[in-house]
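There are 2 protein chains.
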Amino acid sequence: MISVALDAMGGDNAPEEIVRGAIKAAKTGQFKIALVGDPNILEGLLSKEQATGLPIQVVASEGVIFEGESPIESLKSKPRASVSVCIGLLRHKKVDGVITMGSTGGAMASSVFQLGLIDGVERPAIGGEIIGFSPRTMLLDLGSNVDCRPAHMLNFAVMGSVFANARWSIGNPTVGILSIGAESGKGNKLVKETIAKFEEFSQINFIGNVEPNELLNTPANVVVCDGFVGNVILKLTEGLGIAVCDYIQDHYSSMVDEKTLSMIKEDVFQRTNVVETFGGGPILGVKGLVVVGHGKAQASAVANAFGTVKWMVESKYTDKLETELAKVSK
Amino acid sequence: MISVALDAMGGDNAPEEIVRGAIKAAKTGQFKIALVGDPNILEGLLSKEQATGLPIQVVASEGVIFEGESPIESLKSKPRASVSVCIGLLRHKKVDGVITMGSTGGAMASSVFQLGLIDGVERPAIGGEIIGFSPRTMLLDLGSNVDCRPAHMLNFAVMGSVFANARWSIGNPTVGILSIGAESGKGNKLVKETIAKFEEFSQINFIGNVEPNELLNTPANVVVCDGFVGNVILKLTEGLGIAVCDYIQDHYSSMVDEKTLSMIKEDVFQRTNVVETFGGGPILGVKGLVVVGHGKAQASAVANAFGTVKWMVESKYTDKLETELAKVSK
Numbered sequence: 001m002i003s004v005a006l007d008a009m010g011g012d013n014a015p016e017e018i019v020r021g022a023i024k025a026a027k028t029g030q031f032k033i034a035l036v037g038d039p040n041i042l043e044g045l046l047s048k049e050q051a052t053g054l055p056i057q058v059v060a061s062e063g064v065i066f067e068g069e070s071p072i073e074s075l076k077s078k079p080r081a082s083v084s085v086c087i088g089l090l091r092h093k094k095v096d097g098v099i100t101m102g103s104t105g106g107a108m109a110s111s112v113f114q115l116g117l118i119d120g121v122e123r124p125a126i127g128g129e130i131i132g133f134s135p136r137t138m139l140l141d142l143g144s145n146v147d148c149r150p151a152h153m154l155n156f157a158v159m160g161s162v163f164a165n166a167r168w169s170i171g172n173p174t175v176g177i178l179s180i181g182a183e184s185g186k187g188n189k190l191v192k193e194t195i196a197k198f199e200e201f202s203q204i205n206f207i208g209n210v211e212p213n214e215l216l217n218t219p220a221n222v223v224v225c226d227g228f229v230g231n232v233i234l235k236l237t238e239g240l241g242i243a244v245c246d247y248i249q250d251h252y253s254s255m256v257d258e259k260t261l262s263m264i265k266e267d268v269f270q271r272t273n274v275v276e277t278f279g280g281g282p283i284l285g286v287k288g289l290v291v292v293g294h295g296k297a298q299a300s301a302v303a304n305a306f307g308t309v310k311w312m313v314e315s316k317y318t319d320k321l322e323t324e325l326a327k328v329s330k
Numbered sequence: 001m002i003s004v005a006l007d008a009m010g011g012d013n014a015p016e017e018i019v020r021g022a023i024k025a026a027k028t029g030q031f032k033i034a035l036v037g038d039p040n041i042l043e044g045l046l047s048k049e050q051a052t053g054l055p056i057q058v059v060a061s062e063g064v065i066f067e068g069e070s071p072i073e074s075l076k077s078k079p080r081a082s083v084s085v086c087i088g089l090l091r092h093k094k095v096d097g098v099i100t101m102g103s104t105g106g107a108m109a110s111s112v113f114q115l116g117l118i119d120g121v122e123r124p125a126i127g128g129e130i131i132g133f134s135p136r137t138m139l140l141d142l143g144s145n146v147d148c149r150p151a152h153m154l155n156f157a158v159m160g161s162v163f164a165n166a167r168w169s170i171g172n173p174t175v176g177i178l179s180i181g182a183e184s185g186k187g188n189k190l191v192k193e194t195i196a197k198f199e200e201f202s203q204i205n206f207i208g209n210v211e212p213n214e215l216l217n218t219p220a221n222v223v224v225c226d227g228f229v230g231n232v233i234l235k236l237t238e239g240l241g242i243a244v245c246d247y248i249q250d251h252y253s254s255m256v257d258e259k260t261l262s263m264i265k266e267d268v269f270q271r272t273n274v275v276e277t278f279g280g281g282p283i284l285g286v287k288g289l290v291v292v293g294h295g296k297a298q299a300s301a302v303a304n305a306f307g308t309v310k311w312m313v314e315s316k317y318t319d320k321l322e323t324e325l326a327k328v329s330k
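Respectively, the protein sequence lines represent chains A and B. 1 is the number of the first residue of the first sequence in my numbering; add one for each residue after it. 1 is the number of the first residue of the second sequence in my numbering; add one for each residue after it.
Just so you know, not all the hints are guaranteed correct.
When chains are identical, the list treats them as one kind, so a pair holds in a single copy or across two.
The list that follows gives simulated cross-link-like pairs (lysine to aspartate or glutamate, EDC-like), each with its CA atoms no further than 16 Å apart [claimed, not checked]:
id, residue 1, residue 2
1, Lys189, Asp147
2, Lys192, Asp147
3, Lys186, Glu67
4, Lys186, Glu69
5, Lys265, Asp246
6, Lys296, Glu16
7, Lys186, Asp147
8, Lys265, Asp250
9, Lys78, Glu62
For the record, the hints were derived by calculation from the structure and aren't laboratory data.
Make the full structure from the sequences, and use the hints.
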């Protein structure tokens, strides 16, 4: 069984939906869960949900790091915050991985301080296959690094290649760079300088520029971009998907039968709001496995995040990343 | 009647679709058209399409500036290229505006050289209401300026405000800045510096950050961003719209009747591929009215671009922009 520390207090729907997600995951028989938060609240919820007998153990924490707070100051003022206690369990090898639906900044800062960065990583990143129409293309960084330099983009390319290899068993994953023209001369300063950098490193299977519309159908397994741009892509995709679903519901409910309409909406939503489906993505580049999910996550998304922990543990992602980063750091 | 010079040789479907678009526009009785290109080809197409009697006059040019060519070198090597001849007609006040579906870079370079920039403009921009779910929100820059400085963003805010005022008769248009968090502290270096700049100028009705998902439903009439980010938003929106249409076609054609399916697809397409619908957007900041459309434009998009010329001429957009820019340039 894989053991996971779950931050029961982080996220918009904590702790109720987080606890329900934990129960769902525990019932698969694949996970042993340390449920971290306020013991009184959590024990109450567990007994209400009739979770006795499941491999869920409550671990006490004090306080939560909220979205929008300064992560560094919060780490100091709330040393026993739920996410920090989770990551402490990982540091002491009590668990294989951590899941939180709370503040990404808080999870990242706590991971960097407690676990440290893998040698050769300048900044950790967040990435994943966020466009459901291209299920074998992962994009990074998705928002943790704005104002990147080419060295960061090189980090992202390596992290992404190891991700694609571990996730889809692709031998030599193709890497593209997000730009606003197909020709290599097109793009901003960062893109042009990054291309020059990529061409220095033969272990990156660089295939050139990927335009934003090509993200829907690209031969690149990994697409690298600045975290500002990546976050724009993530949030715009989610927003457009929801707008299309709402539009179809509002204008076609009298013309299409309810069941078919629901199926169309569900298909569009799943392909555009992928983080909801997968439950979350890992923080790439830290010495340990920490999965950060959507603040809005419901129980099913929380349960799905356990799947991400599972494939990353089983594929030994972190170990492989250390090996690959050593090659470009020399 | 509004007189327009139309670049018959620019765009993927030139000259056939451009000529058909010209005929469509001429038949409305609102436009007099100078059709610029190779006279032999154009006369042949016009007679084939039975366009005699319409207010379309062929004007000779030599060569075309293609997408991907260096605009500045092409202007030198092809001084009589179709887009340059069009803009020359505008410079000599033979026409009220220019429409081209050819190279944006070529049209922009030719406009800057022949018409010049309005006082106070550092760089011209491209903008428009590109997300059909928010028909009263215009985004700029859409791709002509990458690596912007706050002074450029201030230009965009003024250009956008005048656009929103002229287009929708909004008295004091609201201006937002695209960022990846709702709080003003969130964003990259450019966003943070731009916010400080906007707050210096009371004539900009600045309402704060707009997140990418909020573009679908924002109180901002104008959203300002770097051209790299704007082009990502434009192309991703187009690509996602097409992917959704294709998906619905592939998976639901046996479950939804053909007519309803076509309507759903058409609705989604129109709301995500808006440039196709409007035919194109103006180059903002140059001394004259030049509308640049989609390279892939078909006849209907070409004809629609005449509508853009019409409202811009009638609202005296360029004059108003000069007045407003003078206020922030002091």
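Results for each hint:
In this assembly of identical chains, Lys189 and Asp147 lie within 16 Å of each other by CA distance both inside one copy and across copies; the values are 12 Å within and 7 Å between. In this assembly of identical chains, Lys192 and Asp147 lie within 16 Å of each other by CA distance both inside one copy and across copies; the values are 15 Å within and 12 Å between. For the homomeric pair Lys186 and Glu67, the shortest alpha-carbon distance between copies (12 Å) is at most 16 Å, but the shortest distance inside one copy (36 Å) is not. Taking the shortest alpha-carbon separations for Lys186 and Glu69, only the inter-copy value of 11 Å comes in at or below 16 Å, while the best intra-copy value is 38 Å.
For a Cα distance limit of 16 Å, the shortest separation of Lys265 from Asp246 qualifies both inside one copy, at 8 Å, and across copies, at 14 Å. Taking CA atoms no more than 16 Å apart as the test, Lys296 paired with Glu16 passes inside one copy only; the shortest distance there is 12 Å, against 51 Å between copies. Taking the shortest Cα distances, Lys186 and Asp147 sit within 16 Å of each other only across copies (12 Å), while inside one copy they are farther apart (19 Å). Taking the closest pair of Cα atoms, Lys265 and Asp250 come within 16 Å of each other both inside a single copy (12 Å) and across two copies (15 Å).
Taking the shortest Cα distances, Lys78 and Glu62 sit within 16 Å of each other inside one copy (7 Å), while across copies they are farther apart (71 Å).
Checked against the numbered hints given earlier, the structure satisfies every one of them.
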